[in-house]
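Student: Given the structure of chain A, go ahead and fit chain B onto it with the hints provided.
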Amino acid sequence: MEVKVINQFIIAFTEVLESIGLETTRAKNLTLTKEVIDAKGSLVLIEILGKFEGKCFITMTNEDLITFAGKMNMEQFTEINDMVLSTFCEIGNMVFGRAISLLGKHKYMCDITTPIVFSGTDVIIETKRYNYITVPFETNVGKLILCVSIEKK
Amino acid sequence: MIGNKFNEFQAVTVKVIKTFLKFDVQNKPMIDVAKPVKLFDVSAIINIIGKFRGLIIVTIESSTEEKLVKRFCEVNNITFEKAKDKNINVIGEIINMIVGNFFTVFNKEDKNIDLTSPNFIKGKNLTYFSNPAKAKQLSFSTPAGDINIVIELAGYKSILST
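The listed protein sequences derive, respectively, from chains A and B. 430 is the number that the numbering used here gives to position 17 of the first sequence; each next residue is one higher, with no gaps. 10 is the number that the numbering used here gives to position 8 of the second sequence; each next residue is one higher, with no gaps.
Pulled out of the complex, with its shape left as it was, chain A reads as follows (with noise of 0.2 Å):
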């Protein structure tokens, strides 16, 4: 995984959390998972087609998107619902769609599938096959994990 690329994920994910009015401050402690990863509770995916291939996911627990769909809202919720899931969904198409502008700039070409969500409780996700970097920020609504996996064809 070249640090070039990477490096547009946690700037996408920095630039477009900030315009949306949240405070953001990358974690110290980066890190290589394989294997398992725990998604907290709630998780939005897409994958990375075109010039570099790969899968990225930003997960989160149920209780901090609840705090956070409300405030991108600017409504109360108390549960996860369409609403909230909907939120999510548009959180994840914003990043990775902003990460993938990011790398058009640098002549790397890729496109994204649809995002997709999930909810639940004790969600893991396997991740045999691949390595994933994952990148924790906290925020003023709760901590999110960013997790990019991406190589070239």
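Hint data in this document are derived by calculation from the structure and do not stem from the laboratory. The C-beta atom is built at its ideal place from N, Cα and C for all residues, glycine as well. Hints may contain errors.
Stated by the list, open to error - Here are the simulated BS3-like pairs of lysine-lysine, each with C-alpha atoms no more than 30 Å apart in a straight line:
hint: 1; chain 1: A; residue 1: K484; chain 2: B; residue 2: K126
hint: 2; chain 1: A; residue 1: K565; chain 2: A; residue 2: K417
hint: 3; chain 1: B; residue 1: K126; chain 2: A; residue 2: K566
Claimed, not checked - Footprint (simulated), chain B over chain A, 3 or more residues, beta carbon under 8 Å:
hint: 4; stretch: 457-468
hint: 5; stretch: 478-489
Tutor: Below, chain B alone, put in the same frame as chain A:
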């Protein structure tokens, strides 16, 4: 046209499960499901890319997963430990068999679609959400438990293919 393809996929899937797992399989009528869609404990997600875009989710209960793995090992004369040693992802193989049919059926006339490798998600009370708001669900009843396949298709064309 697409409806016929779904029926063909359903019929081929029944045949494949019967052949490879030597199970008696019954297919239930295809239904429309509104999102968020409830999933079982174990799900494999595969994206369809190319001429049209979409998503296939194969979802089963964790008890069904265990029984399917046991059955797969029995039919192929391998012990579960041996499969584990050889690093064979049994449930991955079963899902590839099912999804491979989708590829065969939908790619028959114009070879313009491709499938991504599966993502495996496990959890309790799993639901999924994506746009558009509706999807089709095919259900198969086996002695090991139900296998549900959620499919959504969109006419979206990749910017890279234009």
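Student: Work down the list of hints and note, for each, if the structure agrees.
Tutor: Hints and how they fare:
With a CA separation close to 27 Å, the supplied pair K484/A and K126/B stays within the 30 Å bound. Distance hint between K565/A and K417/A is fulfilled; the C-alpha atoms sit about 12 Å from each other, no more than 30 Å. Proximity of K126/B to K566/A is assessed by CA-CA distance (about 35 Å); at most 30 Å being required, the pair is judged violated. Under a criterion of three residues with beta carbons nearer than 8 Å to beta carbons of chain B, the stated coverage of the stretch 457-468 of chain A is upheld, 5 such residues being counted.
Counting residues of the stretch 478-489 of chain A whose beta-carbon sits less than 8 Å from any beta-carbon of chain B gives 0, not enough to reach three: the coverage restraint is violated.
Figure legend: structure checked against the earlier numbered hints; hints not met, in rising order: 3, 5.
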